[in-house]
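Protein chains: 2
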Amino acid sequence: MESEQLFNRKGYYRNSYNSIASASSDEELLDGAGVVMDFHTSEDDNLLDGDATSPGSNYAMSNGGGVMSSTTHLLDFLEEPIPGVGTYDDFHTIDWVREKCKDRERHRKINAKKKESAWEFTKSLYDAWSGWLVVTLTGLASGALAGLIDIAADWLNDIKEGVCLNAMWFNHEQCCWGSNETTFAERDKCPQWKSWAGLILGQEEGPGSYIMNYFMYIYWALSFAFLAVLLVKVFAPYACGSGIPEIKTILSGFIIRGYLGKWTLLIKTVTLVLAVASGLSLGKEGPLVHVACCCGNIFSYLFPKYSKNEAKKREVLSAASAAGVSVAFGAPIGGVLFSLEEVSYYFPLKTLWRSFFAALVAAFVLRSINPFGNSRLVLFYVEYHTPWYLFELIPFILLGVFGGLWGAFFIKANIAWCRRRKSTRFGKYPILEVIFVAAITAVVAFPNPYTRQNTSELIKELFTDCGPLESSQLCQYRSQMNGSKAFVDASPNKPAGPGVYAAIWQLCLALIFKIIMTIFTFGLKVPAGLFIPSMAIGAIAGRIVGIAVEQLAYYHHDWLVFREWCEVGTDCITPGLYAMVGAAACLGGVTRMTVSLVVIVFELTGGLEYIVPLMAAVMTSKWVGDAFGREGIYESHIRLNGYPFLDAKEEFTHTTLAREVMRPRRSDPPLAVLTQDDLTVEELQGIINETSYNGFPVIVSKESQRLVGFALRRDITIAIENARRKQEGILLTSRVYFTQHAPTLPADSPRPLKLRSILDMSPFTVTDHTPMEIVVDIFRKLGLRQCLVTHNGRLLGIITKKDILRHMAQMANQDPDNIMFN
Amino acid sequence: MESEQLFNRKGYYRNSYNSIASASSDEELLDGAGVVMDFHTSEDDNLLDGDATSPGSNYAMSNGGGVMSSTTHLLDFLEEPIPGVGTYDDFHTIDWVREKCKDRERHRKINAKKKESAWEFTKSLYDAWSGWLVVTLTGLASGALAGLIDIAADWLNDIKEGVCLNAMWFNHEQCCWGSNETTFAERDKCPQWKSWAGLILGQEEGPGSYIMNYFMYIYWALSFAFLAVLLVKVFAPYACGSGIPEIKTILSGFIIRGYLGKWTLLIKTVTLVLAVASGLSLGKEGPLVHVACCCGNIFSYLFPKYSKNEAKKREVLSAASAAGVSVAFGAPIGGVLFSLEEVSYYFPLKTLWRSFFAALVAAFVLRSINPFGNSRLVLFYVEYHTPWYLFELIPFILLGVFGGLWGAFFIKANIAWCRRRKSTRFGKYPILEVIFVAAITAVVAFPNPYTRQNTSELIKELFTDCGPLESSQLCQYRSQMNGSKAFVDASPNKPAGPGVYAAIWQLCLALIFKIIMTIFTFGLKVPAGLFIPSMAIGAIAGRIVGIAVEQLAYYHHDWLVFREWCEVGTDCITPGLYAMVGAAACLGGVTRMTVSLVVIVFELTGGLEYIVPLMAAVMTSKWVGDAFGREGIYESHIRLNGYPFLDAKEEFTHTTLAREVMRPRRSDPPLAVLTQDDLTVEELQGIINETSYNGFPVIVSKESQRLVGFALRRDITIAIENARRKQEGILLTSRVYFTQHAPTLPADSPRPLKLRSILDMSPFTVTDHTPMEIVVDIFRKLGLRQCLVTHNGRLLGIITKKDILRHMAQMANQDPDNIMFN
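Sequence lines, in order, name chains B and A.
According to the UniProt record's numbering, the first sequence is numbered sequentially starting from 1.
According to the UniProt record's numbering, the second sequence is numbered sequentially starting from 1.
What the hints contain is simulated information worked out from the structure, not anything from laboratory work.
Be a bit skeptical, because a hint or two may be false.
Just so you know, same-sequence chains aren't split out, so a pair can sit in one copy or run between any two.
Here are the simulated PhoX-like pairs of lysine-lysine, each with C-alpha atoms no more than 25 Å apart in a straight line [claimed, not checked]: (1) K412 <-> K114; (2) K262 <-> K726; (3) K114 <-> K262; (4) K781 <-> K350; (5) K115 <-> K726; (6) K114 <-> K649; (7) K649 <-> K109.
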């Protein structure tokens, strides 16, 4: 008993040193590129050298640590904590079961200790509260960063057009706040704000100043784009793109070191501002999710509960992504549902609650910063006051069809372009590519007011209904007011004036421009979100349809469909609502989100009233999109990059059996196995050197093939190394045994080596007749890395996650070699 | 090929006749009490007679049907569809894996057929759309029924007080709509509405008429209560209670026949109205979930996809419960989250989307019915206009503590009382009990205006802020207005008048009354929801605290905490907000809901503003409640009734191993197993007769103990029966074999019987060293019924869901024999 306590205190149990070990090596998680390894087919034979940490699957330690080792066998030969045990290599898949067992073990230990002293009790309280602390911190940081990005992007965006003479750091709107020009039409013009032409040439009007402004616009756009891509290229290559495909993969249990690190956070924040300001057809909403996840990852390092456990860390990341969407769209509930529906893999109820909390905290911080000066979280918050009518469902569904078509087209075109970029020399000059795209965008965008302005502002203008105070070109209807302004809210439908017709032409051009540029922009080496460009495309299409329906109703109010509810002089059609429905439909077509998208847009409008049009459009868009290909843009990019992502949404519907998928195949060499008590150290090392597998099943004997357990390559090498260093009498001819008691040996044989403690005695097994649909279900739901296949109690083969992904790709007639990591 | 097609058309494959068979027996699902059976320890040896359908676990059929049987072995001896195969017995647990496989098989079959003809294609379209159709129908029906119940309960409730002379079917409010009395104080008094005293005695005022009204109130309350309990007792015993514990259990994969049937629906709808009108301390919100689930279940019978598959049917039920909460609280998003957080077990994303749709449809139908005349879905929708201040978090958190204490106290007291009712002769007289409780409620409730009125109306009054138009006693502040009514919305804080003090006393009495009566009411044999009484208790406590803080701020506005933000003449404290926070806290304490509760209340207030107070209170309430016992009221009632519910929220934190939980225990007789090829029919029947297990592992031989598969008792008996009837030469001495090929037998032996087709060749196995936390995880996530335990490839024992539940009860120091069903 005495000695057991001693061991216990010094942390000689397997579990104890696991925790210590992982602490030291987890701190390196933020840097380092790491070696790409492959579980079952890796060519890398250097594993034995120990310079690469190998992925482990030893959840058996919870036997070993919890019950078995405390009563029977202690790890008598591994006397020092071994760095790297319990952590994973870069680009490897984690073992959810093991991670969860590790956490429960940690929890048990803290619970057992907490009555010992006040200090331990405090520590246990800290541990219990750390989940809430980390999501609070994440929410605070995400909200603050989102506010900062909003303000900075606004300011930098206006720099392209001019400068505030009073105070350089004011954007156009802030500059003119103090101005005397109070009419709405002129509110953007004030003497303090000088366009570049006004500043350099001294005159605001005329063709010369137009060209000057044009030139300065292009100059700034190119400068911002160049700076953004340079920073990304030099400091943090992971900062490019939207980040959501990678976050989905990471949340499903994959390790990409540095993807959520401090450098990525810093560079992504800065370059996001630059990229948005450069006028490229991209948004900041997707990257905000990445930024929030970086915050979550960084804060999780303050809490050992999260930093040392990859599964627990993913709970924080799920909450962080909810916070990210919450600040991106001002929709806390939508953010939680986005995290649940779109990005998360393992989403227990506790995470739901914490995600909600993080989303709320982030939203409140952003609202206190108030970046848009409208006490709303987003620029394009709207409130409509007129109801919709049943007949309008037809145009709404048409918008849904448009959204689905756009989504399918965009995904196909963008993936084709990205594949071309990957495979040809286009991809070798990312800086040039960005500058080229930015130059075209700027040159084409400037002449058209709808493409020149900030995309968020464009969306806001398209969403907003025409009231009497609205000065936009889109609202230049021919006045029919009889002098009375009784209904300020509900301005009746009117015939369109020349301004509206001009606006429609410009909007059509803007639509074509946005569609083309977005395809080439998403995938550039700058931070680039898809939400805003997609919404803009949908909003433009929607507004055009809305105005068309409105004019139709005005000129043909005697048609049957309009007669009942759309009299002359009533306000029956709201073109802004069409814009919103179109935006939702296009976003739905691209991302294939459903509930979360409707809830996000619902939170933007603040009324249950418009959920039915939204649902009709989003559902139509999803079905139309799915008809052309079931994958959303994020899944397509995951597949493009070959990440091992086992989608929980996709059903496996084939009738194959486990034996058809398992290795070894009929033509392969037999499975490399270890026998439990008749190998020597030399033979064992031989097997390890000859194969590249990351783990070996242990069987009773070659004759019986009965499965005993599973041992990881890395654990075996470490154990042998240690034993030869620390234990006397371990020679190359020493017998290795995994059993409880040493085998009976000849008298002159050297001291045997006991390796039972590194044996996972509860490997997952299925029979060879198990349908693959069940196997896939098990892998998904339990988060396995590998599973052994037996027949009548005899070991037959092994199935890894990669085998399953390859098999699924094969069944879907895709290239199975696309799956690159394990 | 010819014969295979023939077989195929006639449905001779195992899967085909399964579907046909289950069709015929599923129609019986709505009636019949069924025999309570126990998987592993049942004493019922009559199973062989075939008069009880036995639960099946033959998901192997998807091998058998999908790949194996279509290529190799046909079921050559089972020529007729056997009724009952593929269905479950009453009070038995379903096998999720099998059900899901069955559905995928069905889906594959439809997909394969759909190109054959236009009719098949139409059928496949119908199949694809049936999910949306069934949730639409469910939403429509739930919304309509909720509206009906609301209107009927309102009318019946007013009948207790008087009658409308113009039109009997008008309630008090509708009766007085046409009245000339337009002042708000007098809006309830109109000549058309006669109190009973006015009608019978001819005078409205005076002690005589008070006593007359009192008498009539009690008379009607008792009549309604008697009628309600009588209907429940005679026609549908399952209609009593809130139904949520049973729905949780059903959704987790348990069969309770008739619980969601048409009789339950009809009687529950009628008696719910009566129970609410009787004035008992109960609400209609919980039972509305039950009503919605009944609708979902009944409509699922229209669609073979759902009626024939217990797992798919539960998807509809999840959506239905979302619709139920949606109409109960007018909170579609809250309803979906309630379904996700509180009741559902298996909640794939498709269900999320459909739940949302069902919830929306139901909400829209209810709003078109407009039962409250305020175009809101609930009576107590409110909008506040004043912000809250940081200091107010202290009283909010105190309300949370109160809510947690109330929840813990209520659960303990209610469970103790229900246990006493179950175990003593109290439970023998449910009708008397209801009448007794109703009488006490009516007698005590009448004199106090706050208990006399409808609980929903009480909540509405407590939630509503005092505006200048408010006539309630709670708003009788001493006026300090200076004649100006500049701020209509924000009436400044004022000193309380005598009306407020009187109201506070009455509220205190009402609080005590509600607390006591609710404990005795929940569990009566009438439909009874908990939401409204809990919210009422919280709202009373909250309003009292709110008024106290308000007065404190008025009289001590120079205190440091008030000085900054609560000047005289400003409106800084909203007592209605306190009522709402208190209501949420109390409901949270009782149910331990978190996110869904906050979202439901958020949807009631229509503003993000008040989410932080709500969250603070709900979180506090949950933590305080959890300190006294982690179970909410629904889990407690599940445990009280001994349902086999494996809670996904509760973590299993013990360190036991599978071998400590599995049967047989050390002292038990050895596991009953079948050998694969050396039993005779007689020996097999002997094993079946001697044991009561519902299934038997099949092993290679007694010596090797290597596992081949798992065969269900029911399948074996049916197969033997059929073979002896249909196949020539099968005698009692015939050899039974489960292998692919017949064993070599002596020349004179009778024809052997091949039973491979009923063998599940992919049973789930774990090793004896597997920690129970992993086993519990597997059972939860995959929805298993049983799992075999092996050691080094040899079969060792079996773990059933019931074994796990017993073990968990044992580890929690509870009575393991409490778990009654399997």
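Results of checking the hints against the structure:
1. K412 <-> K114: Neither way: K412 and K114 sit 57 Å apart in one copy and 28 Å across, limit 25 Å.
2. K262 <-> K726: neither (40 Å within a copy, 74 Å between copies)
3. K114 <-> K262: neither (34 Å within a copy, 54 Å between copies)
4. K781 <-> K350: Answer is both; intra-copy 17 Å and inter-copy 16 Å each pass.
5. K115 <-> K726: neither (36 Å within a copy, 70 Å between copies)
6. K114 <-> K649: between (42 Å within a copy, 24 Å between copies)
7. K649 <-> K109: Cα proximity of K649 and K109: across copies only (21 Å, versus 37 Å in one copy).
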